[in-house]
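Both chains are given apart, each in its own frame, so use the hints to dock them into the complex.
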Amino acid sequence: MSLVCVDDLSISYGAKAVLSHVSLRIEPGEIVTIVGPNGSGKTSLLRSIIGAVKPARGRVTRGSNLRLGYVPQRLHIDPTLPMTVARFLALPGGVARTIIDGALAQAGVPNLLNAQMSRLSGGQFQRVLLARALIGKPQLLLLDEATQGLDQPGSAAFYRQIETVRRDTGCAVLMISHELHVVMSASDRVICLNGHVCCEGTPEVVASAPEYRALFGSGTMGALALYRHDHDHGHDHHHDHTEAAE
Amino acid sequence: MLDDFMMRATLAGIGVALAAAPLGCFVVWRRMAYFGDATAHAAILGVALSLALSISVFAGALVIALLMALTVNLLTGRGYAMDTLLGVLAHSALAFGLVAVSFLSGIRIDLMAYLFGDILAVSRLDLTVIWSGAALVVALIGWRWSALLTATLNEDLAYASGIDPKREQLVLTLALAITVAVAIKVVGVLLIAAMLIIPAAAARPLSRTPESMALVAAGIGSVSALVGLRAAYIFDTPAGPSIVCVAALIFAALSIAGSVRTSTQ
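Sequence order for the protein chains is Z and R. Just so we're aligned: the first sequence equals residues 1 to 246 in my numbering. Just so we're aligned: the second sequence equals residues 1 to 265 in my numbering.
Please keep in mind that the hints were generated in silico from the structure rather than gathered at the bench. Hints are not guaranteed to be accurate.
Computed list of lysine to any residue pairs in SDA-like fashion (alpha-carbon distance at most 20 Å, straight line) [what the hints assert, rightly or not]: (1) K166/R <-> H76/Z; (2) K16/Z <-> G162/R; (3) K166/R <-> A52/Z; (4) K166/R <-> K16/Z; (5) K54/Z <-> N73/R; (6) K166/R <-> L249/R; (7) K166/R <-> Q161/Z; (8) K166/R <-> Y13/Z; (9) K166/R <-> N73/R; (10) K54/Z <-> T76/R; (11) K16/Z <-> G79/R; (12) K137/Z <-> S121/Z; (13) K137/Z <-> G162/R; (14) K16/Z <-> H196/Z; (15) K54/Z <-> I141/R; (16) K137/Z <-> L74/R; (17) K137/Z <-> H178/Z; (18) K166/R <-> I77/Z; (19) K54/Z <-> L74/R; (20) K54/Z <-> Q169/R; (21) K166/R <-> D236/R; (22) K137/Z <-> I141/R; (23) K54/Z <-> A33/R; (24) K166/R <-> P92/Z; (25) K54/Z <-> S161/R; (26) K166/R <-> W131/R; (27) K54/Z <-> P165/R; (28) K16/Z <-> P165/R; (29) K137/Z <-> P28/Z; (30) K54/Z <-> G162/R.
Chain R with its partners taken away, still in its complex shape (with noise of 0.2 Å):
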């Protein structure tokens, strides 16, 4: 079954969906859209340092991420707004990744793949690495879900029920930066912020607990990438933003339904 290339794509982009409906959730809630932007970008200055080091794609985007998402958090409230902060960091990242990956002379890169993702060339190990990653992230949010939520809620009302919430904000972290790590193959950098936020966005107007949006959102990613995948094999466009163009179709209806609904009302 997995002899498919087509097989192999449909359960990396379904595995990248599911891990990233829920920490979509929370960067919606928390609005660390572009916070979740800025540490994609940042992974392809990973991609260049693991081609330069001949060390495995993921590793390298995955502690770049890491490191990005880390300083941004140190550096937060030291003198510059937040998105002053993230567009600096954000786009020099992207910069740096892009001239450093022009040094590589000796190899030769095609920079579209992870720029914007390459799900038909996926291979069984990258599912396995995944599906792998994709797990820990939904073991990490569900582990901590309820801190987590109430550290969302408020600051205080979390520190009152013995909750830290700079702790809380770490484990979003982690999971932020391995999820990005996972989908650079699929959707690439520049579309990764697209699959945490369109599918938990559209999911809002359906949902009447925090549990049920990040399930319905799961259940959009996983649909915009089982049919983007299809539409892209048979209109011949690229595999990851025929993908995100689902999710963002299904995002107008379900808004546009809701409004509706609710002006009915």
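Chain Z on its own, in the form it takes in the complex (with noise of 0.2 Å):
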């Protein structure tokens, strides 16, 4: 059975359409990914599965009693609200401390417990609010961009990460992302999204599509070239962005 079953689905925001006729499936285990220019409705498409956006026709429906984890696209934190790594892991529920160094083992950053939030590199803050979306041992995990700010070698460590999750946890992931030729390698599934599904498929499918080249431009098909990145060979990235907690 299906996670979410997106049908039809309509958004807009006042006058202005941002989404028309949109359907999609998620299935267990698969990544997909969202590409599309800005404005093209990914953020919306992502926020009316969490329920935070109503949809002016056609309906979401989830999974019954599906866990989901999110993490959101920018999460500003203001600077008179004190808040540490462990009070924001624990935030809505209470949360076991095991299961608290669980998900941070998880995401990557085992140290951080007592660190405040504030004092978080970039890398390592993304990182905290993936912990934060794996607390609930979720079916499906959304991410929104979750490597904005981050530099090359820290979004594609972070990444890779998340293909750990998947194969460890089992989980869907449905993501959205600018940086397509990291994220293409990493996916099942690419659905190109322009205020409709342009084209989706499997990531070769779409970066031959005419609508996808229509849209990011075959002049930069070098810069975006597509790879399927090889999982053998042997890069350790595990050592970045460990420093700035202290």
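What follows is the structure, given as structure tokens:
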């Protein structure tokens, strides 16, 4: 059974239509990436899945008792709000210490428990957000440009972490990204969005689709070249982003 | 013990400080300071109406403060910036309230008592109302604490956890209206926002978690009430403003200590 069914979804803000007639399904265990230009409705689609936006028409059906993990695009914590990583991870319910430790380890930042959120580096912050999303043992992990503000090795390491998490927990992943070459290599399925679904399929199919080339330009295909990365090679990026917590 | 007016005043001040502390933290974290101010100012209209209708000042202020807060919630995001909207509503409500009071020629009203509080005139009944209201506010915020915190951090994070941030906003609005209504007698409508914001802001440098900030704010608020009342008694100064002055001095001292500590680290 699908985790999420989106049927003929349309969303508008006032008179402005953001999404029209979008239909898609997310199956257990798959990694699906949404690509599309700015303003193409990617974030609105994700927000409708978590229930933050009401559809103008159509419907979003979540599996009964579906456990969601959500990593927002940006999280600004007001400097007047003191918040340790441990406290942040325990929100909103009480969470056992062992589960928190496990989630931090899974997200690749095991030693940050007592750090203040405001003291974290960009990479650490995103991984703490990932850890929080993992705490509820999600069946579906939603990531909205989770590597924004990270450098390339940082975001590559982040996406490898996502693949590891999927492998270890079997959760499905639905993510939005601008980093086409990195993300597409890690995806089972790519959905190209521009107010509607332009094209979808395996990364190879989408990359060669004329609709995709029209949006992202064949001129950039060199830079955005699609590659399937080799899972056997041995770069170790796990040592990055461990310095700033003190 | 409650026969002593100073004792009643002290208990009233501490009651308001305890309710204002956790609520004040959310007001600071969510940048609702002006919102709190607007709700408090509107309460003077409630005072005028209650006097005209001969109903309890507490009830009148509560209803008008609630209406004000709900109106602001409703109108937010419909064309005007929040601060413009609050500026219009807060000062209009204050002005209408002051004009309305002037029509009440049959009754002699000490307007100063409602603008700056009249804590030394707190009766046993007032004390019961203040402590009941304060207990209600603390219970309400305590009950919704985690959901409120999540919604304050990020609305989408709240939705993803099955929390409706709009409902949590309503909880805060209700708590704010109750706090305003019980605090009128203690510090008056013009200084209620000070009791919300100053202890919470003063507690920030001492706190590592949201919970500790609320507790420290409650402590600072209570100390301000105690010391402020004592000072008002000794120097014969107005009680409500004296309490706020003490809170402000504590804020200044802790801020300076905090920045000294940070720069020597």
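Comparing the hints with the structure gives:
Taking the CA atoms of K166/R and H76/Z, the gap is about 19 Å. The hint holds against a cut of 20 Å. Using a Cα cut-off of 20 Å, the hinted pair K16/Z and G162/R is violated, with the two alpha carbons roughly 27 Å apart. Of the supplied pair hints, the one linking K166/R and A52/Z holds, its CA atoms being roughly 11 Å apart against a limit of 20 Å. As the CA atoms of K166/R and K16/Z are separated by approximately 23 Å, the hinted pair breaks the 20 Å bound.
Proximity of K54/Z to N73/R is assessed by CA-CA distance (about 19 Å); at most 20 Å being required, the pair is judged to hold. For the hint pairing K166/R with L249/R, the CA-to-CA distance comes to about 36 Å; that exceeds 20 Å, so the pair is violated. Distance restraint check for K166/R and Q161/Z: the Cα-Cα separation of roughly 34 Å exceeds the 20 Å cut-off, and the hinted pair is therefore not satisfied. Distance hint between K166/R and Y13/Z is fulfilled; the C-alpha atoms sit about 18 Å from each other, no more than 20 Å.
Note on K166/R and N73/R: the hinted pairing holds, with a Cα-Cα distance of about 9 Å set against a maximum of 20 Å. At roughly 18 Å between alpha-carbon atoms, K54/Z and T76/R fall within 20 Å of each other, so this suggested pair holds. Between K16/Z and G79/R the CA atoms are separated by roughly 16 Å; this keeps the pair inside 20 Å, and the hint holds. With a C-alpha separation of about 25 Å, the suggested pair K137/Z and S121/Z falls outside the 20 Å cut-off, and the hint is violated.
Proposed proximity of K137/Z and G162/R is supported: the alpha carbons are some 15 Å apart, at most 20 Å. Restraint check for K16/Z and H196/Z: satisfied, since their Cα atoms lie roughly 14 Å apart, inside the 20 Å limit. Proximity of K54/Z to I141/R is assessed by CA-CA distance (about 28 Å); at most 20 Å being required, the pair is judged violated. Pair hint K137/Z plus L74/R does not hold up; C-alpha atoms about 37 Å apart against a cutoff of 20 Å.
Restraint check: the Cα-Cα separation between K137/Z and H178/Z comes to about 26 Å, which exceeds 20 Å; the hinted pair is violated. For the hint pairing K166/R with I77/Z, the CA-to-CA distance comes to about 19 Å; that is within 20 Å, so the pair holds. Between K54/Z and L74/R, the direct Cα distance comes to roughly 18 Å. Compliance with the 20 Å bound is thereby established for this hinted pair. Restraint check for K54/Z and Q169/R: the C-alpha separation of about 19 Å stays at or below 20 Å, so the hint holds.
Using a Cα cut-off of 20 Å, the hinted pair K166/R and D236/R is violated, with the two alpha carbons roughly 46 Å apart. Using a Cα cut-off of 20 Å, the hinted pair K137/Z and I141/R is violated, with the two alpha carbons roughly 28 Å apart. A distance of roughly 30 Å separates the Cα atoms of K54/Z and A33/R; the hinted pair therefore is violated under the 20 Å criterion. About 16 Å separates the Cα atoms of K166/R and P92/Z, which keeps this hinted pair within 20 Å; it holds.
Of the pairs offered as hints, the one joining K54/Z and S161/R holds, with about 17 Å between alpha carbons and a cut-off of 20 Å not exceeded. For the proposed pair K166/R and W131/R, the alpha carbon gap of about 28 Å is over 20 Å, so the pair is violated. Simply put, K54/Z and P165/R have alpha-carbon atoms about 14 Å apart, close enough for the 20 Å limit, and the pair holds. For the hint linking K16/Z to P165/R, the alpha-carbon distance of about 24 Å lies beyond 20 Å, and the restraint is violated.
Distance restraint check for K137/Z and P28/Z: the Cα-Cα separation of roughly 13 Å lies within the 20 Å cut-off, and the hinted pair is therefore satisfied. Of the pairs offered as hints, the one joining K54/Z and G162/R holds, with about 14 Å between alpha carbons and a cut-off of 20 Å not exceeded.
Violated hints, listed in ascending order, are 2, 4, 6, 7, 12, 15, 16, 17, 21, 22, 23, 26 and 28; each of the other numbered hints is respected by the structure.
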